[in-house]
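Chemist: Residue strings, one per chain:
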Amino acid sequence: MKALLRLLALATLVAAQASAATAQVPAASGEPVAHAPATPAPTSQPDAPDETALRYFARQGDTKRVEAEIARLKALYPNWQPPANLLANDYTPDPAIEHIWELYGQGDFAGARAAIAAKQSADPAFTPSDDLLHSLDMGEAGVRLRNASDAGQFETVVSIAAQTPDLLTCTSVDNLWRVAEAFIKTDKAPRGLDAYKYILTNCTDPQIRLATVQKAMSFLPRGDLDPLLALERPGPDGAGEFTPLRLDLARNAIAEVLTGKTAKASDADVSLLESSARQTKAADDLRLLGWYALNQKKPADGRDWFEMATAADPGALSAHGLAVALLDLDQPGEAEQALADYRGDSDELTTLYLTAAAALLAQDPRPELKPDVLNRIVEETMAAHNAKAAQELGWYAYAFEQPQTAAQWFKLATTWDPQDEPSAYGLLVASDALKDTQTVRQIKSQWSGKSARIANFGQTTGKRGEVAPTAPPAEAPAPKVAVASTPPPASSRGGSRSCATFVPPGSLTASQALTRGWCLMDLERPADAVANFARALEASTGQVRSDAAYGQALAYIRLGLPDYAMVAAAAAPLTQKRISELQIAIHTKAALTAYEIGDYKNALRALDERARYAPEQNDLLTLRAWSYYHLRRYREAQQIFAAVAATGYQDAAVGLDAAQTALRVQSERGF
Amino acid sequence: MTWFRWLAVAAMACASTSGLAAPSSEPTITAEEWQAYRDHFVSAEGRVVDNGNNNLSHSEGQGYGLLLAVLAQDRPTFEAIWSFTHTELMVRDDGLAAWRWEEDKSPHVTDTNNASDGDILIAYALALAGDVWSEPEKTDAARQIVESLGREVLVEVRGNMLVLPGKDGFSAGQRPDGPVVNPSYWIFEAAPVFARLTPEVPWARVAEDEMKVLALISDNAAGLPADWVSLSSRKPKPAEGFPPEFGYNNIRIPLYLMRAGANAELLAPYIRMVGEDGLLRVDVTTGENKEHLTEPGYRIIGAALNCVLTGEPVPSDLLAFSPTSYFAATLQLLTLDFLRRDAPKCLQGGTAQ
Chain V
1 MKALLRLLAL ATLVAAQASA ATAQVPAASG EPVAHAPATP APTSQPDAPD ETALRYFARQ
61 GDTKRVEAEI ARLKALYPNW QPPANLLAND YTPDPAIEHI WELYGQGDFA GARAAIAAKQ
121 SADPAFTPSD DLLHSLDMGE AGVRLRNASD AGQFETVVSI AAQTPDLLTC TSVDNLWRVA
181 EAFIKTDKAP RGLDAYKYIL TNCTDPQIRL ATVQKAMSFL PRGDLDPLLA LERPGPDGAG
241 EFTPLRLDLA RNAIAEVLTG KTAKASDADV SLLESSARQT KAADDLRLLG WYALNQKKPA
301 DGRDWFEMAT AADPGALSAH GLAVALLDLD QPGEAEQALA DYRGDSDELT TLYLTAAAAL
361 LAQDPRPELK PDVLNRIVEE TMAAHNAKAA QELGWYAYAF EQPQTAAQWF KLATTWDPQD
421 EPSAYGLLVA SDALKDTQTV RQIKSQWSGK SARIANFGQT TGKRGEVAPT APPAEAPAPK
481 VAVASTPPPA SSRGGSRSCA TFVPPGSLTA SQALTRGWCL MDLERPADAV ANFARALEAS
541 TGQVRSDAAY GQALAYIRLG LPDYAMVAAA AAPLTQKRIS ELQIAIHTKA ALTAYEIGDY
601 KNALRALDER ARYAPEQNDL LTLRAWSYYH LRRYREAQQI FAAVAATGYQ DAAVGLDAAQ
661 TALRVQSERG F
Chain B
1001 MTWFRWLAVA AMACASTSGL AAPSSEPTIT AEEWQAYRDH FVSAEGRVVD NGNNNLSHSE
1061 GQGYGLLLAV LAQDRPTFEA IWSFTHTELM VRDDGLAAWR WEEDKSPHVT DTNNASDGDI
1121 LIAYALALAG DVWSEPEKTD AARQIVESLG REVLVEVRGN MLVLPGKDGF SAGQRPDGPV
1181 VNPSYWIFEA APVFARLTPE VPWARVAEDE MKVLALISDN AAGLPADWVS LSSRKPKPAE
1241 GFPPEFGYNN IRIPLYLMRA GANAELLAPY IRMVGEDGLL RVDVTTGENK EHLTEPGYRI
1301 IGAALNCVLT GEPVPSDLLA FSPTSYFAAT LQLLTLDFLR RDAPKCLQGG TAQ
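Protein chains in written order, with the numbering used here: chain V, 1 to 671; chain B, 1001 to 1353.
Calculated from the structure, these hints are not laboratory results. Ideal placement from N, C-alpha and C gives every residue a C-beta, glycine not left out. Hints are all accurate, no fakes.
Listing some non-contacts, in silico: residues in chain B with all C-beta distances to chain V over 10 Å: (1) 1027; (2) 1035; (3) 1040; (4) 1055; (5) 1160; (6) 1202; (7) 1275; (8) 1285; (9) 1315.
Covered by chain B, according to a simulated footprint, are these stretches of chain V (three or more residues, beta-carbon under 8 Å): (10) 105-112; (11) 115-122; (12) 148-156.
The shape of chain B in the complex, shown without the other chains (with noise of 0.2 Å):
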């Protein structure tokens, strides 16, 4: 598929009120599902709390929950998240979210940056939630945000128009290597929706332009690019002061571009990152596997490019819910929501192991 292709695609699911969460249809995530997740992450107050990180909570944990709230269809914890959201960390003057949250801390709010992946997924989940439920509020919230990021992250590389991880500390000015990006915060399937926010924007461009650098920066010894990417040269290199690595962070490209609907030849180098029995972490100065990530909300992203890439089935055990950390629990979540949605035919057949 074509990248134009993918995009017409992508803007007409979203125009006839989504192939996502349609009311009608039955939620690709159940509720017996997201009632474990809710269980574990999401707090009567509506925060949804980062288990593996000291329980705090953050923009992009906010995100995740209210998408998928819209996903399950269930829209009293929407509400819930979002009051929190919208009370709690939405207080920049920009519009933006500030980005960490501490229960213990006094104030709360323990970083006033933004975390720009933070802010699209709270305006992609409030604009699907305006359109799911016929809420204009919530697509004129999604629109603030929307805007707000076209005027405060976007950068244009070499060419390419980028978002950068945040507002404060990433760009040329602000730090020597800098531009620097984060490609895990490029949240491809939020570009028709935010095009058809704010058409003043060039959603559709930033998200060509994404895809295009992704394959730039992983020509290294691991094929796969570092979590943080310094673009300051016309060589892209690992970003000072993180580990040179692809990690946690970029785990989350493919899942992303599948989501988007993009093609064999953007997925395939992401088969790298699949080991025997999990994921891996990968120096990208050496091409070394640091680690393996085992948690079957990890292991259930392999297994789902495995099977787009080469037809074979999802094994049956990841299909199971059963939450561990909260960055795992989101991924698999959404994972089976993208599998039940769009290749359903990968949880058939499939065998245990």
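Isolated chain V (complex conformation) (with noise of 0.2 Å):
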């Protein structure tokens, strides 16, 4: 009760009347309520209630309203006791105020009003009760608080409060609430854990007092708690009632510490969430914990915290936790391996699997990984287009003395980061054990002006390893089995298994070599078709090496590559028909290429190129038609798109309405 009024005395609001109502003491029923009764309502208080509504309810048998009657009564005449027999004789209705009261009971005070209205004009004579009128004050002022909260107009809302003290009672604690929330969104937070402070001094009800902390928590500064969390009273199974939102506030200043919003969160907050999570093996909670241990540079943390979610949650989340404290850790292959099943869930895991998988490759010494292993590695930085981890693929090969695959490496590598010094280095340094004087000299043209070592490269000893610390030592101890850089692919592919295994193409004649590439296309092995496609071109049979020129080219077009591809093509003399199907191939993936870019007028023109050799079919039609659209040439988007929806080809449907819609935009801005 202090509580209250001081909550509403100290905003001047009804300061004068506050001192009045000291005197007086919660309801002794046992459930307190918030009423002020001693503070003079706008409508003053006779001395008898009004006893219509209690006695209709009872006549309608309506016991719920009945026992709700009699506690507003109670709480409005404290010395009032309600009739022994409500159902007695001694009392005579009126029918038209029981009428009102029933409005009131329903809520309807638009109805109730006019129905006093009604009766006075039938009946001069006749005048409301004081109770009846106070009755529907109060009731319209807690409808127009909960309005004026839901408007966010909080003033009003702590004005009504101040006039209507008694709406803020624990029965209706979303008023109490709804005042809360509006002091301290004008400004008036102590006055709002006021509020707080008197519905946990007050009410009893346990999911209230949760809700209340929980509203407290979402409107007030994790400081501003520890008031209303000393109100905590024990639960029944002796816990203290708030333990669970004591978790949450854990849980949201440790959240607060990795969002940057804090340094450190209290150690009384991390030691409540560890011995929560040991025991409840909460995933969520294991993987905070252990993301907070990384944050405060804590790695073996982290990684029991996220090794323990790994056991309760198996998945990405916790795959992704743990790989991240075992790199912290310096335990790359752990990180490669805990990642292994998650790597394409997502461009992130992606990312992080192939950091990984470099610095796994990378160790000094060279580790002799498993062909199952390398395998993933390869596939994953073949589909990203990681430039990092096929340099590393590079030297790795060439730590076990393959300087042509490292060679491929490190030119797949330049291709991605075309400024990525140390793969251009890398390339050197392969081309150069391979005796590529020309990719050599190309290189150094190309860098010299930006890298020291590559425009030194040839001038030292000649010991490769002296001048490229990121480079394996030419020292490095030999393989103890061969480097599947490619390894075989599931069994279903029968026949073609005999290509699984490296081979370096040096060691293969030209038409091995040739075999060799068809075979590796049909494992989907492109990067390493186009190695044994380069050996194959070195034979001195023109039937070779024209198959080999085409199979590179085709080789270089599943590797997203046409301009490599139009260049390998020239590489031979081939038939008019495989020239055209390959141009029809080159022009048609840079055509898709482009268009995937961005680059509208590059698709059209690759289009074009593509058009002298064959027609196009629907699919491209509707990517012509489309670049015609971006290019905002809606015309002939339209025309095209118009054709080809006349087949029945949906994409072409969706095409032609937004060719058209843009149409009617452009004639309405009178382009």
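Could you use the hints to bring the two separately framed chains together as a complex?
Modeler: Okay, here's the thing in structure tokens:
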């Protein structure tokens, strides 16, 4: 009671009335209510209550309303006792007044007001009881308070509460919550806190008490909540009733560290969540603690939490944290292993996986990786076009004395990231080992101005390791097993298995390499196929070279490198049919690639080139139309879409719609 | 009649507990008319429903409902409408009413900005109710709204004191072509009543300035003001984002002028809106007519204006009240109230057309 009065009095809203109310004690019934009956209400209290409603509800047999009405009257008239027999005939009700109370009971305050006015015009002597008018004022004020609160009109909320303190009871706790919020949002947070304290001091319903602290949590900073938590009572199980909320607060405190809002959570919050998480094995909590340990530079603790999380909830979320912890602990092999099953789940996980893979490959001494491990690293590197991992695969191959393969990886790395100096350097080193003087010259001329070690390459003793800190030392241990940078696929491939194990292309004859190239194409390993076709191109017979050029061009197309394909196709004479076939494939790929990166002009150019060899079918016609569309050539787009849509091709129908809309908008704008 | 004479007459009328709705006399809106209006547009909970506008409710409708209830001398309905208005709309911190309320939305108030004409109508009706039914609480409630209006929505534009359409979004600081006004939100008949409630606010001058500005903003191809007018430059122009037309809003201007007892000089330009078979919406940039508004509630404004200017009686078919849309029905009852109170000769001898 004092808290409520203070909160209102301090708001300087009912200061004048406050002193009179201090003598009032909460109702003795056990459930304290926040009525402040001694505070003069807008309408003054009469000596005796109006029992019309009570008796009416009793005669209706509405026991719930009877109880509510007795409670309401007792709160207003502490000395009043309900009649022993509510159904006694000593009381003659006025049906019109009963009707008004009925409307009031239904919350139809407008109807009750109208009914009072109607009775007054029928009977000018009629005066509604103060109790009825006060009840209506209260009812309307409650609705108005909720409406004002919903509309964000918080000064109105505070003002209604000050004028109608009877609204603020444990049985209408929603009003108290709204008033607390209104104080906080009108820069009177201490008064809001007082309102919450009032509830926790006076209201007993456990759900209301829990919800009250939750409300406070959503509006007040952590530091303001302690006075509320101090009002905790023991729950039925003996534990504090706010235990779940304390855990939420601990989680929030830790989450704020992770989002950079604070540097450290309190020891109390951390150990509270730790002991709970150990007991419940809740994976979210275990991971939260794991991330917190990593944030606090305790990777071993982090690993332990994420291992517990993995045991409780195996999956990408747990593996993610575990991998980060293992990388922090410089255990890239374990990190690669942890992420292997989830490496394609998201871009973030793919990047993390390839970071682990690159670190694994770069270890000194170089580890001998199992074929399945190497296989998935290669697969993911190719899929992600990840230059860093490709570069490490290059060094790895180089370390195991496979400069040809190394050069291929470096070449891919420079293609994916042309500005990456270490990849260019790797290509230089590998090409030098292969005595590929043309490539060496090319790289030196391209990079000498930007990289001292590339400029100086070859001017030292020739020991490459000395000038290449990231490169493997030349004296790297010889592999005990063949490096399978391109491992075998599933057995279902049957006959294709013959090319599953890596064999340096240089060790094959030209026609063996050609066969192997096609085999690798079947296995969807175009990068390795390129190397084998390259070997086959060294053949003396025209037919093999022609086939090799054709194969290499196809392989480049599959790698998404149409420019390279063009060059490859020119390496040997091809039949007209194959030339057409390749040109079609090259220009198709070029068109798709250009379209994907939004280069619609070049997409159209490639389609025009392609059109010299073959007519466009629905899919490419649609691509052409969309290209026109993106270039705002809506008229041309519309014509093509319309023609294709007429064949029933659904994608074109969508495009036709878009083009027509664009044309309409254009004409409306008067372009 | 000069403005000052009009003001004196109007003030006298109010001071003597009103030519409006004196309880001893017959109501100027009949029981049958009011019953029909209530049946169509007033819900049991005291909500005035705009059936032409997705059945939403607004402060303007609540204000009209309160005013008509006073004119119909129906205190129970007034009480219900006021209960709804107060609990559902009058929640703003500044004491004005949120303007829009929608039954199927939660919260029901879907725009907390105010609409000044709604607030003016509510306050005006409360003040009349306080006088007519001797209820000082209603007068107090009216005074609080009028104080808020004086504080929140008045603006001075080149020496003229005007009512803005709402507190937010219309001033010079809040839109590039501001201040923007809606002249149909200027309810002149309330000015003397407001002046009595809050003498410290120059309500008489506000009404005087607004009438002056009415003439200035009518200087265009149509000879009629646009519903929404930008006053940012010396030459008034239609406000950005609104159709440049004299339309549904402004057909109320001559009604409000007549109800306030304005002279023929002020009324005459509005005869331009009276077409053969209804009121005209007019493009103010070209002077072209756009549409005829044919509901009797609209046509009767033109007929009443014609009668006041020429003496030609109002055709009797327009005197029969048969509710159609909320807006037209409201305007018809307000026009009937005007005719019966101030121009009874217009009701005699009309012939059906």
